[in-house]
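J.: Spelled out, the chains give:
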Amino acid sequence: MSAIIDEPLADAAEIRSAMEFYAEQEWTDGLPVVPVTESYLNEFLSATSRGPQEVLFAVSHLNRECTVRLAAINAAMAGCRPEYFPVVVAAWDAIAKEPYPKRGIWQSTTGTAPLLIVNGPVRGRIGLNSQGNVFGSGFRANATIGRAIRLTCINVFGLQPHQLDQATQGTLAKYSACIAENEEESPWAPLHVEYGLDPADSAVTALVIRSCLHIEARHTRAPEQLALDLANTIRRTGALIHETTSALVVLGPEHAQAFAEAGWGKDDVRQAIYDRAVNSRADLVAVGKEAISRHTRWRVPADHPDAIPDRASQGATPDQVPALISPNAILVAVAGARNAGVSTVMETFGVRGDAPSSIARVEQPGR
Amino acid sequence: MTVREKLLNPTGSDAAAGGNSLAPRPASLRGLTVGLLGNTKPNAEVLLAEIAAELKSRYDIGEFRTYTKDYFGTPVKPDLLAQVVADCDMVITAVGDCGSCSAATVADGILLERAGVPAVSVVSDSFLLSARAMARVQGFPGFEFIAVHHPVASLSVDELRERVQGVLPDVLRVIGAEA
Chain G
4 MSAIIDEPLA
14 DAAEIRSAME
24 FYAEQEWTDG
34 LPVVPVTESY
44 LNEFLSATSR
54 GPQEVLFAVS
64 HLNRECTVRL
74 AAINAAMAGC
84 RPEYFPVVVA
94 AWDAIAKEPY
104 PKRGIWQSTT
114 GTAPLLIVNG
124 PVRGRIGLNS
134 QGNVFGSGFR
144 ANATIGRAIR
154 LTCINVFGLQ
164 PHQLDQATQG
174 TLAKYSACIA
184 ENEEESPWAP
194 LHVEYGLDPA
204 DSAVTALVIR
214 SCLHIEARHT
224 RAPEQLALDL
234 ANTIRRTGAL
244 IHETTSALVV
254 LGPEHAQAFA
264 EAGWGKDDVR
274 QAIYDRAVNS
284 RADLVAVGKE
294 AISRHTRWRV
304 PADHPDAIPD
314 RASQGATPDQ
324 VPALISPNAI
334 LVAVAGARNA
344 GVSTVMETFG
354 VRGDAPSSIA
364 RVEQPGR
Chain Y
2 MTVREKLLNP
12 TGSDAAAGGN
22 SLAPRPASLR
32 GLTVGLLGNT
42 KPNAEVLLAE
52 IAAELKSRYD
62 IGEFRTYTKD
72 YFGTPVKPDL
82 LAQVVADCDM
92 VITAVGDCGS
102 CSAATVADGI
112 LLERAGVPAV
122 SVVSDSFLLS
132 ARAMARVQGF
142 PGFEFIAVHH
152 PVASLSVDEL
162 RERVQGVLPD
172 VLRVIGAEA
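Heads up: the sequence lines are chains G and Y, in that order. Quick note: to get the numbering used here, add 3 to the position in the first sequence (first position is 1). Quick note: to get the numbering used here, add 1 to the position in the second sequence (first position is 1).
Here chain Y stands alone, though its shape is the one from the complex (with noise of 0.2 Å):
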């Protein structure tokens, strides 16, 4: 009567594809186009042009873009995917400070890096284990994004701006124009 049987897994397995190399950093950010890609969450519009603002006292950019994503929860939809990646040189998305866009905004990073542009992914440091499972299941253990400190929402201007001297410099080094 007695059977002995193996057990089954009952996972499911990740069916992620495509390359986990960053795109190509530029020599110089010199007449670049940076794309500032926004997710919708309260303030990340704040936080990019924050951001955006001290790139442009520092380097020769050549045009900043705006873009939003309909929805904050899941990665950019293929078609502004491709509008992005055909418009800019360089992008830089926010902001990941809830448990489904903390994933979708690496995920996000992920995309475009494999699509050939470096981009720079934004969540609050209170969403790091989320990020980095992101990262994974997409196939990209290593992706490096920044982390600033939570909360982002509830900030007035002059704290987001406070927020992003604190990650400058990780910023800069994530696009290669450190120095």
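Just chain G, with the same shape it has in the complex (with noise of 0.2 Å):
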């Protein structure tokens, strides 16, 4: 026999009528919502100084905007407690800023989703994961604060699946992406100290993501060899739908720390894995991806109505085609537990070649 629960009490019936009207208008990604009342948004809006109707992200070609009021009514449905809140809104201000986002991206038959990564003394407070399964489930932060932003594309500014989203595939990522950086085992300075903020600041990084793909090297230390397997995973023909490609880099715990012990810092292994991420013109010719497209510089085969020579044909050495513009296009965070040589790389769309613009301070409490 199950065990029965003495305390609290609950009236099941009205909760679950309220998450049926909430399915029934598609306010929602198919999971149960919280239901938000005028209460309750309220404690939201007491976690931040900005104004209710301040706007946080506009797509002007949609004809929407998300307003404060509306990220937390959203933020509140995702299930996020009120404290997470300052995150969420420094997460839209990352958004803001990123070149994707406002131009359609996700209505984008690619299929993105919006990754956040979240650094400093927030983390700890309201209990995101950086640890182990730090992209998997199980943490009501990093699940709720992910959700908050896809809940927001869907009622905010109407990007339902098969209407304005036309993504082909998706990714699972559309549910929630949210992890923290293991700051505590990284040898390195953090994301968003690397980027001009103070450790003691808290930040969210936003990103838009496609791909997530699993770097097994648990034999080795040498870092040329854990560059080497990084860059052939990032060059790999299948995700070249532009001229070049950019990624995101999240180094376990064991690897970040090997690449450490033979004295390289994030430059040398940007500068690294940027070496050795090059494919031959005859891997490219192979797949029909040699030349580029006139106008948008997306990859087609040289006979394409459209077709022009990519840049590297042009350069000194024609045969090896760089599948990155600069060491830049790629950034190095660490998470992860601290057992195991695994690695991932995220692939990216979004600046290639310069620092993320894509970072905002997160409120302190107290304010």
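Derived by calculation from the structure, the hints in this document are not laboratory data. It should be emphasised that the depicted structure is a prediction, and the values quoted were computed from it without experimental measurement. Heads up, some of the hints might be wrong.
Straight-line alpha carbon distances no greater than 16 Å define the calculated EDC-like cross-link-like pairs of lysine to aspartate or glutamate that follow [to be verified]:
1. G:Lys105 with Y:Asp90
2. G:Lys100 with G:Glu68
3. Y:Lys7 with G:Glu17
4. G:Lys105 with G:Glu68
5. Y:Lys57 with Y:Asp90
6. Y:Lys7 with G:Glu41
Could you use the hints to bring the two separately framed chains together as a complex?
T.: Here it is as structure tokens:
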């Protein structure tokens, strides 16, 4: 016989009827949402100094804008606690700085998802996971902060699948994608410090991601071998829609420390990957991606009506085609458990060649 | 302890303003300036050139002028829109063959119609739902666009010519030039 819980009592039918109402309105990602009323909303609005009508992000071609109030309603529906809300606000501030979301990437067949990386003391305050199973389930703050962004995309921006969201296949990350950096087991400065913020600041970095690829390298601590495994994953021809690609490398602490023990900093890691992420011209000819399209610079075969030569074909080594435009097309973060030689490459749609424009500070409590 | 309150609506509202009637159609295509607004997608210019060649062979068009948007995923920027509207008597815009550009191509057609210029928006038929959703978001739910058989980007010039033959009657009807 299953155990019965004495407290609390609930009117389960009434809870279900509210959740079914949201589902009937299609105000959901498919999972049940938390019913939100004005008094609960006020707890979220009290967690930020930003006014409820302030616009956090606007998509002008969709005639829609996300106010603080709408972001809070959707965060509450996603299951966030009110004290998570400053992270959600910072996430929208970061997304608003990105080049692609305002240009329609969320409608795209490519099927990307927003990924959030959280740094700083807020991680501990609200219980964000940065360690084992960092991309997996089991942590309310990670799960619901990421989901708050998705529900807002669906509800506020009208990005319903099969309608304005035309993703061919999409990605599992469209349910939720929020990680924290494992600063404590990283040998290097945290991501937000690398990009100019104070270690005592908390911050959210936003990225547009598609694929999430495992790197298994438990056999080695040689930095050149690790860099080559990462580079071979990044340069894969299937990833090359544009002339070059870009990536977030999420190193497991073991790999990060192997690099650091060899005296490598993040810039050395970036440079080594950049140097090795090169396809031969023959590799590209074999898959029909040896040229680029005149305006979009998407990869096409040389006999395509819009084809022009790629940048590499006009250089000193035309048979060697870099998959990255510069070492700065790689972001490096550290996350996961320090228990195996496992890392992840997240393929990104974003800035290819600059530092991320998309980092925003989280408002401190007791502001 | 039980307090019953109203649930909150989490959606954004469409801020769309503007009319939903088409620009007046010309009595004749004779001597008109026809704009070809490309969106940079592979084969967009080739498709537009093929449509232009068909129109030229049937009507005494004055001239064709070619324009290119700087980015396919969002609607035409105000400066370019103003220039196209000033220069042209009607416009054909292509090609909406992806998630963002199918919607943007329809938005471009609506912007042109509202500015008084008859417009033909060409999308691929895999994106009918996205194109219609954008017409609703723009406050012009019945806006008619042309759907060519998917795909477009990977076609040869001969295959594109076949696509154009297939939709030519619809193009002529939208610009009021059937007969």
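J.: Hint by hint, say whether it matches the structure.
T.: Hints versus structure:
1. G:Lys105 with Y:Asp90: violated, 31 Å
2. G:Lys100 with G:Glu68: holds, 15 Å
3. Y:Lys7 with G:Glu17: It holds: about 13 Å lies between the C-alpha atoms, which stays within 16 Å.
4. G:Lys105 with G:Glu68: With a Cα-Cα distance of about 11 Å, the restraint between Lys105 of chain G and Glu68 of chain G holds, given a limit of 16 Å.
5. Y:Lys57 with Y:Asp90: Given that 16 Å is the threshold and the Cα spacing comes to 15 Å, the pair holds.
6. Y:Lys7 with G:Glu41: holds, 8 Å
The structure does not agree with numbered hint 1 stated previously, though it agrees with all others.
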